[in-house]
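Sequence lines, in order, name chains A and B. Its first residue numbered 1, the first sequence is counted upward by one per residue in my numbering. Its first residue numbered 1001, the second sequence is counted upward by one per residue in my numbering.
Just so you know, these hints were derived from the structure itself, not from any lab. The model shown is predicted, which means the values in this text are computed figures rather than measured ones. Where hints are given, some of them may not hold.
Unchecked claim - Covered stretches of chain B (in silico footprint by chain A; criterion: 3 or more residues with CB under 8 Å from a CB of chain A, positions within the stretch not fixed):
(1) 1056-1066
(2) 1103-1115
(3) 1181-1187
(4) 1223-1229
(5) 1241-1248
As the list claims (entries may be wrong) - Simulated DEER-style distance windows between Cβ atoms:
(6) A:134 to B:1244: 24 to 30 Å
(7) A:312 to B:1257: 19 to 25 Å
(8) A:153 to B:1153: 43 to 49 Å
(9) B:1122 to A:232: 43 to 49 Å
(10) A:159 to B:1152: 41 to 47 Å
(11) A:169 to B:1122: 28 to 34 Å
What the hints assert, rightly or not - Computed far set for chain B versus chain A, every beta-carbon distance over 10 Å:
(12) 1039
(13) 1044
(14) 1140
(15) 1154
(16) 1262
(17) 1263
Cβ coordinates follow ideal geometry from the N, Cα and C atoms, glycine included.
What follows is each chain in one-letter form.
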Amino acid sequence: MSGKALAIAITAITVVLVAIGTLWPGEASGTVYIAGAGTSAFNSNDTPEAAARSLFDNVRQRNWSRAYSYIGNQNEVDQRDMEADLQGTNDSLRTYSTLEPSDFRVLHQTNDTAVVRANLKWATAVGAFYETRDLNLTRQGNGWKVVWPSGKQPNVPPQVIPVNYLRWDVIFRGPGDDWGAQNVEAPHVRITSMKAGASGDNVVIMGEILNEDTVPAFVDVKATLVGKDGNTLGKENSFDKISHTLLPKEVSPFRIDFPGVRLAEVKSVRMEPNSSLVPASADPVIAVQHQQLQVDARGKHVLQGELVNESGRVVNIPHVIATYYNNQGQVIWVADGYVDRALLPGIPMPFGVAVPDDLASQVHNYRVIVNQYSQGKFLQ
Amino acid sequence: MTRKLLVGFLLLVACMLAEDAARGVELQLPKEVVAGADMAVPTMGSGSATFYLVGPAGTVKRAIKLGQEIQIKGEDVRAAGRYVAVITGDNGGSGGFWVMPAKVANVGFIAQPSRLPVALPGAVSGVVYAFDHFHNLVYQPQPVKFELSVAGAPTTTRTVATKDGVAWTRMDSGRKQGAAQFDAEVDGISARRVVQQVAGDPCNLRMKAQRTPMGILVETDPIRDCSGNPVPDGTIVTFTSVDSKGTTTVDARIKRDVASAQLPAADRATISVASGVVLGNEIRIGGAQ
């Protein structure tokens, strides 16, 4: 069929379909709701699942008063607290997140009570963030309402916290300096361990890098895979699987992924640790408490613990990087995860980082570091 | 640089051709002059002619009266190297002479690195380029005195002769931290660079622990490197406590020579300390130490 004939045929079919639609319009029996589509939220509380879905669909639309109407214990929970719980505060990652259409499943139901598991997916700038909430619901009148946890958001009492940690500033060589005058030396960093492994269809390079200098360093690790024929198979860097700012004698793990490259094709790896001098502050100190390997509700292995911000400044977006070692002290995996709540001074914040199930049995030891993003990090 | 060399070479060729054109009469020129010094070239005959002076950094063209001396100012012979003088015409001639660098007036001094740990053998390097007032490299051998000193420690001195205008040395970093003055002196002209000598890795890292109402307070002894220098503030010291609730780590910063951290309370805990790749002692709380 020529192009002209095809165009005529498509036009004719379109005209026929428009005519049919105009002459015999369909009679809709009701509104069909498609999760995630359109701009209006689903609103029903006929069943526990519908009530939970309605609540979070209104949250997704940021229709907070409507979402709050699905809360059964309004005498205990303030709308503002619910908003803070779901929307986040203090410029945390949650405040930059958007709830996507979620999955709801009734775990348990009686005539008057029910438990619904909500598998929520938040879209964030650093990737999807999954949250599982088991919601308690009660029948109230003809409908179901969610019993929202009444815990208030932790707050830091007004106080003065003296902070007198060191801060480093840098003055680089200027155009007026003598010929031969030195510039400030880049920090000396060293890769202390490195391992190449495979994860699915990816080659993964991981290890640890040490700032062995007495000044802060901004570090990055690049790796080049060389194939058996001498050709370059790929060049990648550690991106956010590293703590970029390292204080003196600080060690950071790093992980570099090469998607679609098989380990058997690799002959050698060229590593390039780069460092540059940056202004930095020795504050804040974040303690990582009670770290333990656990199996979560979904049967996945996770490293869980608590972060405690020991400084007086809010850490807006904490980023946890975990290094897992085998019984010989070798790095066998590096995993990371963002915490979607801000770290307030002195208030413990739980975190969890995944452990690959196939490696969980080999994990003999682990180490967690916390990378942090705070507003005005270098301005204060 | 290559372009300059090419231009210089072409000028030289042009002068040699001009020299031939001047029918090979040799001008009375000195064999060597010092850069920047005035000089005079006698001429013979009478009438007018054109004088050319071609050097490595430029050419001078001047109308002259034959029979009178040609005055060449010092500024025309500032660049060291081979010069060719040519007088055109029937009574002309040509000749060449060398302009030698003047005495050392400037020192180019490159010191590396600008910051390094103490007590490293051969880690400090210094390179000296000796220049005269006109930025000519002074390639006659000159003694260069290198001196590395830090307050409160003996000074290290070494004398090296320049070769082709360059002298270099390697020195050990001292055992005392501080801003070391690295001096180079040639013929009374000196240049100074600062090499920051910093403490090395912590040595004999030790801590103590005590129970407090808040938990367990751990604090190191004053942290020093193996030469006795205090390790600088801001250096990371990691305390790790393992108890029944799991592992707790705190990356503490050294402040006024010591690092401390508050660890969670525990009936029994094993606490260790490390800084970089250096491990310290281990303490068992609620058991034998």
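The hints, checked one at a time:
1. 1056-1066: It is violated: at least three residues are needed, and the segment 1056-1066 of chain B offers just 0 whose Cβ sits closer than 8 Å to chain A.
2. 1103-1115: holds (count 8)
3. 1181-1187: violated (count 0)
4. 1223-1229: Contact hint for the segment 1223-1229 of chain B vs chain A: violated, 0 residues under 8 Å.
5. 1241-1248: holds (count 4)
6. A:134 to B:1244: 24 to 30 Å: Holds - the Cβ-Cβ distance for residue 134 of chain A and residue 1244 of chain B, about 27 Å, lies within 24 to 30 Å.
7. A:312 to B:1257: 19 to 25 Å: Holds - the Cβ-Cβ distance for residue 312 of chain A and residue 1257 of chain B, about 23 Å, lies within 19 to 25 Å.
8. A:153 to B:1153: 43 to 49 Å: violated (57 Å)
9. B:1122 to A:232: 43 to 49 Å: For residue 1122 of chain B and residue 232 of chain A the Cβ distance comes to about 36 Å; the hint is violated.
10. A:159 to B:1152: 41 to 47 Å: holds (43 Å)
11. A:169 to B:1122: 28 to 34 Å: holds (31 Å)
12. 1039: holds (30 Å)
13. 1044: At roughly 46 Å from the nearest Cβ of chain A, residue 1044 of chain B sits farther out than 10 Å, so the non-interface label holds.
14. 1140: holds (21 Å)
15. 1154: Consistent with the label, residue 1154 of chain B stays out of reach of chain A, its closest Cβ about 23 Å off (over 10 Å).
16. 1262: With a cut-off of 10 Å, residue 1262 of chain B comes too close to chain A, as the shortest Cβ separation is near 8 Å.
17. 1263: The assertion about residue 1263 of chain B is violated, with a minimum of 8 Å to chain A.
Hint compliance for this structure: hints 1, 3, 4, 8, 9, 16 and 17 are broken, all remaining hints hold.
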